[in-house]
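Participant: This is what each chain is made of:
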Amino acid sequence: AQSVTQLDSQVPVFEEAPVELRCNYSSSVSVYLFWYVQYPNQGLQLLLKYLSGSTLVESINGFEAEFNKSQTSFHLRKPSVHISDTAEYFCAVSPNTGFQKLVFGTGTRLLVSP
Amino acid sequence: IAGITQAPTSQILAAGRRMTLRCTQDMRHNAMYWYRQDLGLGLRLIHYSNTAGTTGKGEVPDGYSVSRANTDDFPLTLASAVPSQTSVYFCASSLEAGGHNEQFFGPGTRLTVL
Numbered sequence: 004a005q006s007v008t009q010l011d012s013q014v015p016v017f018e019e020a021p022v023e024l025r026c027n028y029s030s031s032v033s034v035y036l037f038w039y040v041q042y043p044n045q046g047l048q049l050l051l052k053y054l055s056g057s058t059l060v061e062s063i064n065g066f067e068a069e070f071n072k073s074q075t076s077f078h079l080r081k082p083s084v085h086i087s088d089t090a091e092y093f094c095a096v097s098p099n100t101g102f103q104k105l106v107f108g109t110g111t112r113l114l115v116s117p
Numbered sequence: 009i010a011g012i013t014q015a016p017t018s019q020i021l022a023a024g025r026r027m028t029l030r031c032t033q034d035m036r037h038n039a040m041y042w043y044r045q046d047l048g049l050g051l052r053l054i055h056y057s058n059t060a061g062t063t064g065k066g067e068v069p070d071g072y073s074v075s076r077a078n079t080d081d082f083p084l085t086l087a088s089a090v091p092s093q094t095s096v097y098f099c100a101s102s103l104e105a106g107g108h109n110e111q112f113f114g115p116g117t118r119l120t121v122l
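Note that the protein sequences, when read in sequence, are chains A and B. With the working numbering, letter number 56 in the first sequence gets 59, and the count goes up by one each step, no holes. With the working numbering, letter number 64 in the second sequence gets 72, and the count goes up by one each step, no holes.
If you are wondering where the hints come from, they were derived from the structure by calculation, not from laboratory data. None of these values were measured; they are calculated from a predicted model. Note that CB positions come from ideal geometry on N, CA and C, so glycine has one too. Take the hints with a grain of salt, since some may be wrong.
[Claimed, not checked] Every beta carbon over 10 Å from chain A, so not counted as near; a handful from chain B, in silico: (1) Ala23; (2) Arg25; (3) Arg26; (4) Asp34; (5) Arg36; (6) Leu51; (7) Leu53; (8) Ala77; (9) Val90; (10) Gly106; (11) His108; (12) Glu110.
[What the hints assert, rightly or not] Heads up, simulated EDC-like pairs for lysine to aspartate or glutamate below, C-alpha to C-alpha not over 20 Å straight-line: (13) Lys52(A) / Glu110(B); (14) Lys52(A) / Glu104(B); (15) Lys72(A) / Glu61(A).
The whole structure should be built from the sequences, with the hints applied where relevant.
Facilitator: In C-alpha cells, the structure reads:
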C-alpha cells in the first residue's frame, strides 16, 4: 500500500517570498507523483506530475517539484509567491502498474499575505 | 455542460434519510471516482468505476453505493445517512483508469447530516 505525508497543515508566507511545501511518500513499488491545488470553494486541479524521466517537473504558473527517490520526497517549491497562490495543496501518489488509484495526503494550506 | 457537474451544491439531511448525489461528465472519460474530503484527513476514495458497467470499492465504502449505467453518469447513494457522513463530496473522472491519468474534479457537494 502507498501513503503520503504532508507534515505542514498550514504555511503562512508573505507575497514575493519563496515557499516549499513538503511531501514524503511510502511505497514498496515505483510510483507516479502528483500535486493538486484546490482554490477556495472549488474542486481540485492538477498542478504538476512526475511520471518518468526528468526528476524536476514544472507547472505553468511557476511552481516546480523534484522527485527524490532516495528520500522518497516530492517537495513543491516556488521562488516568489503571489496572493493568488493562496490555496490548499495536495500531494498524491499512485503505483505505476495496473489500474491503481491515487492516494492523497492531508493537504497543506498556503496562506499568502501582502 | 462543460467538464464535471455535481448536484446538489449543498444539502442538509436528517439522519436516516436516503440521499443520492449526482455526477455527470461530458468528456467521455472511462473512469470515474467519488471522494469525500474531511478536515485533516484529505481526500479519501469511496467508490470508483473503471468503465461503464463496472464499479469498485475504495478506502471508505461503507454506507455508500454507486452505479455506472452509462459513461456520463456516476451517482452516489447514501441509503440511510448518518452524521459521520457529513462531508464535502467530490466526483472526479479520468480518460482511463490507471494512476498516471490526470483526474478532473467537479465543484463538490457539501452534505450535512443532522
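Participant: Against each hint, give a clear statement of whether it holds in the structure.
Facilitator: Okay, the hints, checked on the actual structure:
{"no.": "1", "hint": "Ala23", "in the structure": "holds (26 Å)"}
{"no.": "2", "hint": "Arg25", "in the structure": "holds (25 Å)"}
{"no.": "3", "hint": "Arg26", "in the structure": "holds (25 Å)"}
{"no.": "4", "hint": "Asp34", "in the structure": "holds (15 Å)"}
{"no.": "5", "hint": "Arg36", "in the structure": "holds (18 Å)"}
{"no.": "6", "hint": "Leu51", "in the structure": "violated (4 Å)"}
{"no.": "7", "hint": "Leu53", "in the structure": "violated (6 Å)"}
{"no.": "8", "hint": "Ala77", "in the structure": "holds (20 Å)"}
{"no.": "9", "hint": "Val90", "in the structure": "holds (23 Å)"}
{"no.": "10", "hint": "Gly106", "in the structure": "violated (5 Å)"}
{"no.": "11", "hint": "His108", "in the structure": "violated (5 Å)"}
{"no.": "12", "hint": "Glu110", "in the structure": "violated (5 Å)"}
{"no.": "13", "hint": "Lys52(A) / Glu110(B)", "in the structure": "holds (9 Å)"}
{"no.": "14", "hint": "Lys52(A) / Glu104(B)", "in the structure": "holds (16 Å)"}
{"no.": "15", "hint": "Lys72(A) / Glu61(A)", "in the structure": "holds (18 Å)"}
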